[in-house]
Amino acid sequence: MSDHSHDYPSFNHPAPVPLLFVVFGALIFLTVATVVTSNIELGEFGFIVAMIIATMKAFLVCAFFMHMWWDKGFNVLVFFSSLLFVSLFIGMTLLDTGSYKETIDAFPTTEESSLSTTEY
Amino acid sequence: MNLHLPLLLQSTNEEIIKRVQESTLSGTKVPQSSIEHQGASSFTQFWDSSYWFPEQASTFAPSVDYLFMWIFWVSTIFFIAIVFSMVYFCVKYRRVGGEINPLPSSSHNNLIEIAWSVGPSVLLVYMFFAGAQGYFDSKIASETSEEIQVTASRWNWVFTYPNGDSSSELHLVNGRPTKLIMQSNDVLHSMYIPAFRQKMDIVPGRYTYAYMVPNKTGQYRLSCTEYCGREHSKMRTLAEVHDTDAHRQENTQWIEEEYYPWKNGERIYKINCSGCHKINGEAATGPALNLLYSMKERPLMDGKVTVDEDYVLESIWYPGKKIVEGYGPVSKMNSFKGKLTQDDVSQVIAYLKYLNNPADVAGGDVESGLRAEGGDKSGTAGTIAPNDKDDDGSDET
Amino acid sequence: MAVADTTDHHDHDHDHHDHDPFIAHHFDGPQQQFDSGKLGIWLFLVTEVLFFSGLFVAYTLYRNHHPEIFELAHHHLDKVLGCLNTIVLLFSSLTMALAVRSAQTGKNKNCELYTLITMVCATIFLGVKAVEYSHKWDLGIFPKYGFNYTPGHHEMGFLGLSPYLIKLSAIPALLLASFAGASVMGKLTDKPAQFKFFMGMAIMVAGYFAGVAGGVVYQNAVDSGHAHLAMSSSPLQLHAATFEENGQHHSHQHSDQHSEGQGHEGGEEHGDDHHDQRHEGSGESMPKSVGAFFSIYYCMTGLHAIHIIGGIVALAWIYYRSQQGHWREDYFGPVDYVGLYWHLVDLIWIYLFPLLYLID
Amino acid sequence: MATAEIRNKIFSTPETNYLNCTKGWKSWAFTLDHKRIGVMYLVGVSIALFLAGIFALVLRSHLVKFDSGMLSYDNYNKMFTLHGAVMVFSFIIPSIPAALGNFVLPMMLGAKDVAFPRMNLASFYLWIAGTSCLLMAILFGGGLDTGWTFYTPYSIETETGVIYATFGAFILGFSSIFTGLNFLVTVNTMRSPGQTWFKLPLFLWSLYATSIIQVLATPVLGITLLMLIAEKTMHIGIFDPRYGGDPVLFQHFFWFYSHPAVYIMILPAMGVISELISVYSQKRIFGYSFIAFSSVAIALLGFLVWGHHMFTSGQSPIVTLIFSAITFTVAIPSAVKVFNWLATLFKGSILLNTPMLFALSFIFLFGIGGLTGLFLGALSTDIHLHDTYFVVAHFHFVMVGGTLTALLGGLFHWWPKMFGRMYNDALGRISCALVFIGFNVTFFPQFVMGARGMPRRYASYDPEFQIFHQISTFGAFVLGIGILMAYVVLVYAAFKGPRCGSNPFRAASMEWQSSSPPDFHNFIHQPTMNDPYDFDSQVYDEELDTFIPREFADPDKLPARPEPVHH
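Chains as they are written, first to last, in our numbering: chain A, 1 to 120; chain B, 1 to 397; chain C, 1 to 360; chain D, 1 to 567.
What the hints contain is simulated information worked out from the structure, not anything from laboratory work.
Here the structure is a predicted model, which is why all the values come from computation and not from measurement.
Please note: incorrect hints may appear among the correct ones.
[Stated by the list, open to error] Some, not all, of what chain A presents toward chain D, calculated at C-beta under 8 Å: (1) His13; (2) Val17; (3) Phe85; (4) Ser87; (5) Leu88; (6) Asp96.
Built from N, CA and C at the ideal position, the CB exists for glycine as well.
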């Protein structure tokens, strides 16, 4: 592309069209790949594979469709810091609920328990 | 604002005692000791832990009080230092005559900053470890603890003991490690015994546990501290520590020498109904129950109904169907279908009839003798026995 | 007190920018405006990520604590439709990126076209989703409380379609009619801008019906021809076999009640019946706890669909401004911001798809 | 050097200013001017304050007797819920950032407006919509009796207006996000040339830290409340134990927002105090960078401690331990701030006017509030004190003693800038004394009650606590009168007070380089960027009877700069 020969304002970085199509192709490929791998019995590993593929797709979308590749470092930092807080949220909550899960499982389920199921 | 001053003076101890007695009869349980305790502790000095805390009645209490007072002193020293220097600077460096003349002084000093960040943290580390230690002490139950089942529901407590007895106050034996296994029938509750420095939420859908070793006989407050709805503040009862098992049993055992349906009905009433339905003629969330069998017909929101067994059963199983005049338009009551069997309801009905006239039901006259006995006991020991407290206003007073 | 100065203070306001309509007065220039907007939209995306995080936490917890429920439940999600929707969304992301590029290079016509394609993809996605939802509701697959799976049950409405699908499609149909009407009005009253804009809107809404049509054709094929083949391995099907026939009528009524939004009050008695019946009929069959998966499924995909609808509204605004020829090499911010939002919606779907549809 | 004519034009009281440049209600309702939005926000949050304050007085009156029948239990429960919900969501969270911050923030940057003025106005209207929705719970929902925390499963079961209220809080959350997002972008992209991060006034650092929390935490409240509404209407079985949900999970969700929200409430107050202490001591703030970073540290640590609201909730012991440990770390940055304020007072030239007295009250009250937090952070004492009046007193010391005092101090400080008129300082000081005394009388007895085992949210209580409740109620009325008096002094000043100059207090941050009240575009002349704590940059001008920047002063009368201090 001849984008860079053109005199754009400094904040304007149009993405090259062929690159966008290549990224789209890769995304479709990964989508098909994740469906295919989900049909193979991988056990626990299957979940990890699915997440790795999803993260690869997310990377492609972020980097090229969302122009992160050309964006300011601060904006990228802002966006990824959100993931830090999400993981904190998930991590601590999971740690806690995981440790008292047994007490919930031990409790009679709704149908059997004396918990009132009528509206109060 | 002056409006409240006379009130402050007005509330003499006697008056409070009188009102406590009244309120005790209307369903709230207050340890007798707390009335006297009030006078004593108000005049204790605030630097003594007994100023801040109710008496210590469990093995955890001393460590909690110790840590509290420790933090109290650390905080007080810091606070006095802060306020003293603030006031001192404000007086010494105050602006006089509108002339602005700050003295030359430094505006940053990393050494000082680090010193006053790191210095106090040492104290914080101690607080954390002492707190954590006390916490784990109160969380780890001894192998030999006695297990008491606690069922909380709006707005009642039921404590069931290993021998199958149950009561609406918690009765413990002095020095015996005890594990409370708690469940809730409806919403969140929290079991709090200030004298034991112990508190634990009761979460519906799972069991939670509280552990304690009482070490002083007496009566203590037990309250719900997790907001649970209308009569949250009435969800108070007693925790009583007895010196021997035998003494406890006197309080937890329901007199079983002769079985009469109405007595079981009374027990069912206390566990399930007493939160909303009074038996002293007062209207609460729901209508009072002692008058029910004195009427032939009861006025409803629309029309009337004949008071009979079918009506009572229907009202308990399907509360929304017939709503008593003045309690509508929608019933606030839970359905007890699935919770109370028809047999249970029959016993409740026997109790309702007993409330109207003891002579109507089998064994109704037995009660008077027992009551006299119970009254004597509570008179001498200064306690309130569970089977003769809030039944009706006409008794004893 | 000082002498009041009476000269006009506002002279200096007119110093810079020469009334450029697209540069707000409080910014120093296009660069500052663009940087502000860009940081603003990234921060907005941060709030969106955290907004969805609550549902991801719920998902993680329930999957972690009850993997068997997820194992059992996800078979009811159709991988083919899910994959189709993923591809549609990815394609819309591509066209969105191309729209941004067109705006950056000042090609308003291209931007208009790409925006329209993006919107059509979005409505196709919603159409397919509507088919998925209504198909589940037909089978009594509701969130936890109303969950009452009744295999093989289909209520036929108009044209043999699910009554739920017809209800869901009412608003798009209304929109299609009014947009088409407005477009025709524009033509008749000789307002080309109105004609063009509403024509685009009508095409956009038409995408929904394309999605519905595709989804229904696929679903019917699965239900009739390959039903046994496709579902025979499903644990749901096996469990469901133990379901008693007589339970079905009641349970359907019950779920119907709920779909009409009276779950809270009207459902009281039904709730009781429903529970009793479950005791009689289900035995060890599909536990009601499976509903937990669908609770999370509906919350996640529902919230995602709401974001898609929000995105469509934003895209319609971009579409309008493209038709007005607003974009320049130094002013394309709005397209870029909406684009970032749209890609985020896509990103979330990229994770939702394997998490919900592809559980081993 | 500027001529007298230019000086007069820039710094004298202008004929037209942001208040009177356009007229009619529409010019306010549709304004995009951050100053007008700030003033409207101020009016709004003040109404919310008085409404919730009246609820509080009703509550306290009810509690005068241990078995008082003044309110039914239901009404008592509704009162404390509405008091809490309106105070938290409609008053404290938007108070300092949205009212004072909106007015001051762009001017401190030398900017004409915030980055997104439309979003700013939208934030205000969302505030109105959210607050109305919250109050609709009273009109159409029969009140709200869940406590402001909306704990499940009670909030799912109760028939009161939970859906109205949660929806209202949801909308208020968006209002808060809009303000925070706007401030973050404004501070990032619209600083004056030469205004580096370390030349920002500390109020902006604290607003920046607050905004980080608003943007990161508030969305979680949004989704939590949406899930609660879904739980209530569709029974999705995530929070409701009757359908296999987990009530403790709700508490995690709720406190993931609401603990950081506590810092949304206190951080801006700390920023205000940093400004006041420094200006009224006429001394460079001590340890600028430590105060600045402690704001950010508090904001970030605030996300790691939410579990300390759940020590007795059935949370697992290991998580409890982690949360307790991190909780203690928050004490450090808070203490650093207090020590630095004290060091700023040292050798200053301290003017004890109304705003300064409020600032000093803040240090006193926040000191108590902060130190009592230690009792609640330590596990074994928290088990005893949790959900008692000790906790009630603790957070009122922080939020009322802290935030409300700082808000009033900030209002007295910036009032001359906002309205160009001076208040009666003597009356202002009396109001401060009333607030200070009333506050302590109200809440100190509650510490004792709490430690002795008086649970919170009780409509009737054991008679041994009656005397404490009576003292507390007495204090509450004094506090109410003090706040009312402060407002009367301010409102009277806004209309009838004597005119004052552009910079009567010799403050050095940029907002004081505008006229009082400011021009519609904030600055008639682009202000010169200078150090916000270099008070020698401002010199007294006799003709204008106010302080003006040194470069505008008459060179003949220019006082010499004192020798800079070396360390």
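Each hint tested on the structure:
With a cut of 8 Å, the hint placing histidine 13 of chain A at the interface with chain D is violated, because the nearest CB-to-CB distance is about 18 Å. Restraint check, valine 17 of chain A versus chain D: the minimum CB separation of about 30 Å is more than 8 Å; hint violated. The beta carbon of phenylalanine 85 of chain A is positioned within 8 Å of a beta carbon in chain D (closest approach about 5 Å), and the interface hint is therefore held. The interface hint given for serine 87 of chain A is broken, as the beta carbon of that residue sits about 12 Å from the closest beta carbon of chain D, more than 8 Å.
Nearest Cβ of chain D to the Cβ of leucine 88 of chain A: about 6 Å, under the 8 Å cut. The hint holds. A cut of 8 Å between beta carbons decides the hint on aspartate 96 of chain A: the least distance to chain D is about 4 Å, and the hint holds.
The structure fails hints 1, 2 and 4 (numbered hints given earlier, in ascending order).
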